[in-house]
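> Chain by chain, the residues run as shown.
There are 2 protein chains.
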Amino acid sequence: MTESDIGRSDAESAALDSVAVIGTGMMGTSVALSLRARGLQVYLRDQDPAAAAVAAARGAGTTEDPPGPVDVAVIAVPPGEIALVLAECQAAGLARVFTDVGSVKAAPVAAAEAYGCDLSNYVGGHPMAGSERSGPMAASPTLFLDRTWVLTPLSETTPAAIETVVELVELTGAEPVMMTPADHDRAVARASHVPHLVAAALAATLDDADDAVLRLCDSDILDITRVAAGDAKMWSDVLSLNATDVAKVLSEVAADLAEAAAAVAGDWTQLTTLLRRGNSGRALLTGALFY
Amino acid sequence: MTESDIGRSDAESAALDSVAVIGTGMMGTSVALSLRARGLQVYLRDQDPAAAAVAAARGAGTTEDPPGPVDVAVIAVPPGEIALVLAECQAAGLARVFTDVGSVKAAPVAAAEAYGCDLSNYVGGHPMAGSERSGPMAASPTLFLDRTWVLTPLSETTPAAIETVVELVELTGAEPVMMTPADHDRAVARASHVPHLVAAALAATLDDADDAVLRLCDSDILDITRVAAGDAKMWSDVLSLNATDVAKVLSEVAADLAEAAAAVAGDWTQLTTLLRRGNSGRALLTGALFY
Numbered sequence: 004m005t006e007s008d009i010g011r012s013d014a015e016s017a018a019l020d021s022v023a024v025i026g027t028g029m030m031g032t033s034v035a036l037s038l039r040a041r042g043l044q045v046y047l048r049d050q051d052p053a054a055a056a057v058a059a060a061r062g063a064g065t066t067e068d069p070p071g072p073v074d075v076a077v078i079a080v081p082p083g084e085i086a087l088v089l090a091e092c093q094a095a096g097l098a099r100v101f102t103d104v105g106s107v108k109a110a111p112v113a114a115a116e117a118y119g120c121d122l123s124n125y126v127g128g129h130p131m132a133g134s135e136r137s138g139p140m141a142a143s144p145t146l147f148l149d150r151t152w153v154l155t156p157l158s159e160t161t162p163a164a165i166e167t168v169v170e171l172v173e174l175t176g177a178e179p180v181m182m183t184p185a186d187h188d189r190a191v192a193r194a195s196h197v198p199h200l201v202a203a204a205l206a207a208t209l210d211d212a213d214d215a216v217l218r219l220c221d222s223d224i225l226d227i228t229r230v231a232a233g234d235a236k237m238w239s240d241v242l243s244l245n246a247t248d249v250a251k252v253l254s255e256v257a258a259d260l261a262e263a264a265a266a267v268a269g270d271w272t273q274l275t276t277l278l279r280r281g282n283s284g285r286a287l288l289t290g291a292l293f294y
Numbered sequence: 004m005t006e007s008d009i010g011r012s013d014a015e016s017a018a019l020d021s022v023a024v025i026g027t028g029m030m031g032t033s034v035a036l037s038l039r040a041r042g043l044q045v046y047l048r049d050q051d052p053a054a055a056a057v058a059a060a061r062g063a064g065t066t067e068d069p070p071g072p073v074d075v076a077v078i079a080v081p082p083g084e085i086a087l088v089l090a091e092c093q094a095a096g097l098a099r100v101f102t103d104v105g106s107v108k109a110a111p112v113a114a115a116e117a118y119g120c121d122l123s124n125y126v127g128g129h130p131m132a133g134s135e136r137s138g139p140m141a142a143s144p145t146l147f148l149d150r151t152w153v154l155t156p157l158s159e160t161t162p163a164a165i166e167t168v169v170e171l172v173e174l175t176g177a178e179p180v181m182m183t184p185a186d187h188d189r190a191v192a193r194a195s196h197v198p199h200l201v202a203a204a205l206a207a208t209l210d211d212a213d214d215a216v217l218r219l220c221d222s223d224i225l226d227i228t229r230v231a232a233g234d235a236k237m238w239s240d241v242l243s244l245n246a247t248d249v250a251k252v253l254s255e256v257a258a259d260l261a262e263a264a265a266a267v268a269g270d271w272t273q274l275t276t277l278l279r280r281g282n283s284g285r286a287l288l289t290g291a292l293f294y
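Top line first, the protein sequences correspond to chains A and B. Following our numbering, the numbering of the first sequence begins with 4 at its first residue and continues without gaps. Following our numbering, the numbering of the second sequence begins with 4 at its first residue and continues without gaps.
Excised from the complex, chain A in its bound form (with noise of 0.2 Å):
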């Protein structure tokens, strides 16, 4: 993406100016830091004062509180208090529009109409990017360069909302992509939540690990344990807020591994077979992402 592709070379679109970022993390303070590479103003705030303080001083904005109504706010928190900082950032009139960056996007709408939020003016959004690492020392300015991020407006959203969260989204250099939250939620489950749990599994077989084993060890395994770093509680949530389609596709996850651990000593077609779906689901992840 070039410089001339962006936002505002877009006549039609309203120039962003101003943008508040709640939950200065990983997350929100890689947003803030990419949206004042783009010269934006960025309010902080955090309910931890030091972690906003850690995010002004990398340059990420000001902790001060914005003089008015800001363009956009972004909830940069965790998927299960999403609904209750925008019930609050709208009844105090943060700001004209409101997004998030939850990695769930249907429970936080349910929430958020239980707490009886206006939502004509609320863009859910996911980027497609992330780190094992968290806090706003592990932020990046280009977290988001050539991502997907996925925003799911609803029917009631105006499209000036629409418009609003799609410039600031193009602003951070990320490719906005449309879905329902249902959509979402169930293709995300595929994509990064079950993956995310397998990995932690693998990983907890090494828990109790010897040096005969870790010497064994090699770049593979580094490869497809890294994600199980994260944060076990944040991924707790995340991953309960998505119960349904998770626990559909980790079933089947489970029940294929069960199979081939009774194959491998046995019917070797069977693990020949789940080895082929495998060399499949590849070639198609990787056909899809670079050709």
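Careful, some of the hints might be misleading.
It does not matter which identical chain is used: a pair holds within one copy or between any two.
As the list claims (entries may be wrong) - For lysine to aspartate or glutamate, the following DMTMM-like pairs were computed, each having C-alpha atoms within a straight-line distance of at most 25 Å:
| # | residue 1 | residue 2 |
| --- | --- | --- |
| 1 | K236 | D226 |
| 2 | K251 | E262 |
| 3 | K251 | D214 |
| 4 | K236 | E84 |
| 5 | K251 | D213 |
| 6 | K236 | E262 |
| 7 | K236 | D270 |
| 8 | K251 | D221 |
| 9 | K236 | D51 |
| 10 | K251 | D186 |
| 11 | K251 | D211 |
| 12 | K236 | D221 |
| 13 | K251 | D240 |
Think of the hints as simulated: they come from the structure by calculation, not from any bench. Keep in mind it's a predicted model, so treat the numbers as computed, not measured.
Could you slot chain B onto chain A? The hints should help.
Chain B only, in chain A's frame:
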């Protein structure tokens, strides 16, 4: 490792001059290329003459027969065929010492005993390096640099045979590590075989993935599933030859994931516990490899 660290500085060791490589796939050709780079004479054989010709054209050695017994024959064929090839090569007097590069170690020894092979001049080996690509064109002379290369001498193996194979391993730039065949197989089940099957099972969940799922796949799942591109037939053979150890660890992973599938909809504590065990295993792994 510098030039001066390598084998020939030891006045006790008989310098290697000639090596035969039986099987010019990715692994055999990589061994041949790394030894050619150290100036050794390398004789190449493959049941597919075209594969041997490709390896020779890449500079891995000659396809001519050696004039007499070579110093070492490196048997680089699938693990299920090692014992038969060893028996044939010993009967033909191809080399003074024999080794192999198979990723299972106990089963080939048992088969070699059944074939009546001479185990005094045979030292099993397994370089902890590889590629999801196969064939001589995927080979690299630097594949083994700074990698662990397990050797599994038996009680009847002569010290001279061990010394010769240690010298060969060091010439490739790898670090030899001694283990019993049983210890190797138990360790490699956790470090490599089960991770491969788990990655395959995960990639298999994508073999019918739609565009929405593929758009949400990021570098995390690419890393986790990379090894699932490996040759299904070859891996099926390897896993079947290490059935007992693989089945044991795989059953643990399958049970953990089945429990997680149940927990995700209910008992979040149990889910967090699995994720924390994953954190521990990952920390042990990176700690052992990097510090």
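> Does each hint hold? Answer for all of them.
Evaluated hints:
1. Proximity of K236 to D226 under the C-alpha cut-off of 25 Å is found in both arrangements, the shortest distances being 22 Å within a copy and 23 Å between copies.
2. Taking identical chains as interchangeable, the C-alpha atoms of K251 and E262 lie at most 25 Å apart whether they share a chain (17 Å) or sit on different chains (13 Å).
3. In this assembly of identical chains, the alpha carbons of K251 and D214 lie at most 25 Å apart only when taken from different copies (19 Å versus 36 Å within one copy).
4. Taking CA atoms no more than 25 Å apart as the test, K236 paired with E84 passes inside one copy only; the shortest distance there is 14 Å, against 48 Å between copies.
5. Taking the shortest alpha-carbon separations for K251 and D213, only the inter-copy value of 16 Å comes in at or below 25 Å, while the best intra-copy value is 34 Å.
6. With identical chains, the CA atoms of K236 and E262 are at most 25 Å apart between copies only, with a shortest distance of 17 Å across copies and 30 Å within one.
7. Proximity of K236 and D270 under a CA criterion of 25 Å is satisfied inter-copy only: 13 Å between copies versus 39 Å inside one chain copy.
8. For the homomeric pair K251 and D221, the shortest alpha-carbon distance between copies (21 Å) is at most 25 Å, but the shortest distance inside one copy (31 Å) is not.
9. For the homomeric pair K236 and D51, the shortest alpha-carbon distance inside one copy (17 Å) is at most 25 Å, but the shortest distance between copies (54 Å) is not.
10. In this homomeric assembly, K251 and D186 come within 25 Å of each other (Cα to Cα) only inside a single copy, at 15 Å, whereas the closest approach across copies is 37 Å.
11. Taking identical chains as interchangeable, the C-alpha atoms of K251 and D211 lie at most 25 Å apart only when they sit on different chains, with a minimum of 15 Å there against 29 Å within one chain.
12. Taking the closest pair of Cα atoms, K236 and D221 come within 25 Å of each other only across two copies (22 Å); inside a single copy the shortest separation is 28 Å, beyond that limit.
13. For a Cα distance limit of 25 Å, the shortest separation of K251 from D240 inside one copy, 17 Å, qualifies, whereas the shortest one across copies, 30 Å, does not.
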